[in-house]
Amino acid sequence: MSATAIDRGPWLTALARINAVDIVLWALRIGVLLVVVVGTINELIKDPYTAAQWFDFLMFGLTLGSIYAQIALGYTMVYGVLRLINFAHGDFMMCGAFAGYFVATPLENSGFLDTHPVAGMAAILAVAIVVSTTIALLTERIAYRPFRRAGGLAPLICAIGVSFFLEQTFRGMFGSDVKAYPSPSWQRSAFQFGSLQIPRVDALVIVLAVLFMGLLYLIVQRTRMGTAMRATSEDPEAAALMGIDVNKVVVFTFILGGAMAGIAGVFYAFVYKQVYFYMGFEPGVKAFGAAVLGGIGNIPGAMLGGFFLGLVESIGPSVFLDGLGIPAPYQLRDLIAFTLLIMVLIFRPQGLLGERMAKKRA
Amino acid sequence: MARHALAMALAPVALLLGMQIAAAATVGPVTDPIGVIRIPKGAPVMIGAYMVLSGPDTALGEDEERAIKIGVNNVGGKLLGHPIALDFEDDQCDAEGGQTAATKLASTPNMVIALGPACSSSATPAAPILWQAGITDIGTACTAPALTAPDRKPEYDGFVRTVYSDNDQGASDADYLYKAEGYKTAVTVHDGSPYAEQLVTVFGNDYEKLGGKVLSKEAVAPTDVDMHPLLTRIASEKPDVVYFPIFTAAAAQILRQSKEVPGLEHTAFFGGSALLSADFIQAAGPAVVGFRIGYPDISASAMGKGYPKFVAEYKKDYGEGPISGYHANAYDAFTLAYKAIMKVSKTDKAGNLYIGRKALRDAVFATKFEGISGPIACDAYGECSQFHGTVLQFTSADPKTFGVGKNPIKIWPK
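Just so you know, the protein sequences line up as chains P and C, in that order.
Numbering follows this note's numbering, in which position 268 of the first sequence is assigned residue number 268; successive positions increment by one, without gaps.
Counting the second sequence from 1 gives a position; this note's numbering is that position plus 1000.
The following block holds chain P by itself, in its conformation from the complex (with noise of 0.2 Å):
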């Protein structure tokens, strides 16, 4: 008997402390569920899409995923080391994506593109590499520094303010207009295997991503700088006491941070064919979503996050809101993108894998 009444106790009272704000976020999050469910069933059963084309969706999700996971990197190491939410950072993508179109169209014209696909390849990843690590180094030194110390929202405005700074000067030096990247051939074709295709330049983006992903997850988890940022990511001042020289740590997580995102301005201007000084700004944004859905300052978490945003933008309207007799659910795709991000971060705060660092301070 007393055991029941100990074991009800902790029961009633959480009851007890139900409110209708409870109630209504259940209710939400009750109707996101049946919204998901629902419309899955009903579109499995009316199948309108062969398994041909459900590998196409798959393909095109994991291809922006992995976009998305290459800027969300930026933004989850340079959150885990300054506490910086730095929104200037799809700005740093767009940069590398414009440099890439400076070197990669004059290959195109000249062929070289088409009979070098790896020198070509190489040199259009290695200068959009340098132009958007100059410009993430140059911002945290000219822009950021000065504000490491500030409290409240200034760090933040400042990284908004450069943001802008970076698209007007794109735009006063390169036009408004939408620039065409290069298409080479061996990119317009598909590897075959029976029935399923894969785009090669898709194949390519996320192969590489992929790869560049790990290396850089190697370099944090495997070599003295890395342990340096991750140490610092713990405490900067006690790294700072331990030896650690915090101003070399950041400079080094910029030029990560930038590298990371000149090469997703290239695979994105490779996949989607168009740069413009606008472009970093919406890719910025999800990926920010991505890293905070992985939890933010987690760089397995920031890959996830992304992989899984871009997956939800492709397959979730044809899934969920088609099978709802929803029409035109491409339009509503941010919509369920950031509506299963809010979702997720109602069930899980801390984000899919969690913010490693915090947790563990806590």
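To be clear, the hints were calculated from the coordinates, so they are not data collected in a lab.
Ideal Cβ positions, reconstructed from N, Cα and C, are used throughout, including at glycine.
Where hints are given, some of them may not hold.
Across the chosen pairs, the derived CB separations fall in these ranges [stated by the list, open to error]:
(1) C:G1290 to P:S195: 53 to 63 Å
(2) P:S195 to C:L1210: 29 to 39 Å
(3) P:P349 to C:N1205: 47 to 57 Å
(4) C:T1185 to P:W186: 16 to 26 Å
(5) P:R29 to C:H1266: 37 to 47 Å
(6) C:G1290 to P:I157: 45 to 55 Å
Take the given structure of chain P and dock chain C to it, following the hints.
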């Protein structure tokens, strides 16, 4: 749509923040139910213009800006002894930009009349703001049917346009795709803008009346980049044609990515009038070759008598031919404004100029002339232009080759 709704909701607030509100007045020799403009001797006649002057669709607005400036030069830069001052505002081809531009023009003292915009997204919230301030607005390339529909709301009473309605464009496109090409099934794609949304609706209705079938009505956001999933979805429906009269950036993405999506090899893609520019050729790259758009006939033979002379002036002033398609409509908008102002203006002995706002609006509606785009004569709802449909086809991916008759070329009617 949400942004458009927000802009509409904020319009009255903007009005309260300092712009002039139309009210009956007698000033000098003129009495007018909604107000009188007094322009002191020697002071300029202010003519506002708002159009897209930045972003991917810049050519659309810049082309019109140039035409209006040529119009001003051709009247000697003066109106009844007063210099003409032009105030160009960038509406960015969206609702917020249109609202901001209209608020700026409406709050400018003695703004006589407004020209533009090029985009229906801008005109929809802007025209009521201008008319509430007693300013008549002559649209130059905004073609959404609702703007001059018989059931339009009273706040659009001050809006007319020297460009056709998409009721005509949609019917022409349906006629070409169904009858001339024999496409029996279509998928439409709009981008949420009033222009695209209303045009695909008109097209869909006309296409189905002819016997065609619209398999689905899709939509994208103007800023969308990844069109692969949407195109895969469209491929699953196997349409004969995809009709997507949207703007440069998103349209170029659809066109380029359509070449990479399996199942669309035999599907035709057909765009709209916002895509007639070198910028679109640049954005779409090699995929543009063979691509077709529905457009009003702007070949010299279909235009007014003064058009060749205008083109010569354009080339002389700007060192190149017209960079988009609505320059003639913009030139005619200025001419209409000029003639109407001349008709209703009164000058006192001291040389001050007086213009009744309602009288000016009525004069704009009543003025008829032979424009460089064809005859201009407004109906009761502000539709002043004639329409002759055509289809243009791009022939080269080199933006330097852009020019109507060269790239793209007219392919229909034969």
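Hints broken by the structure, by number, lowest first?
Violated hints: 1 and 4; rest satisfied.
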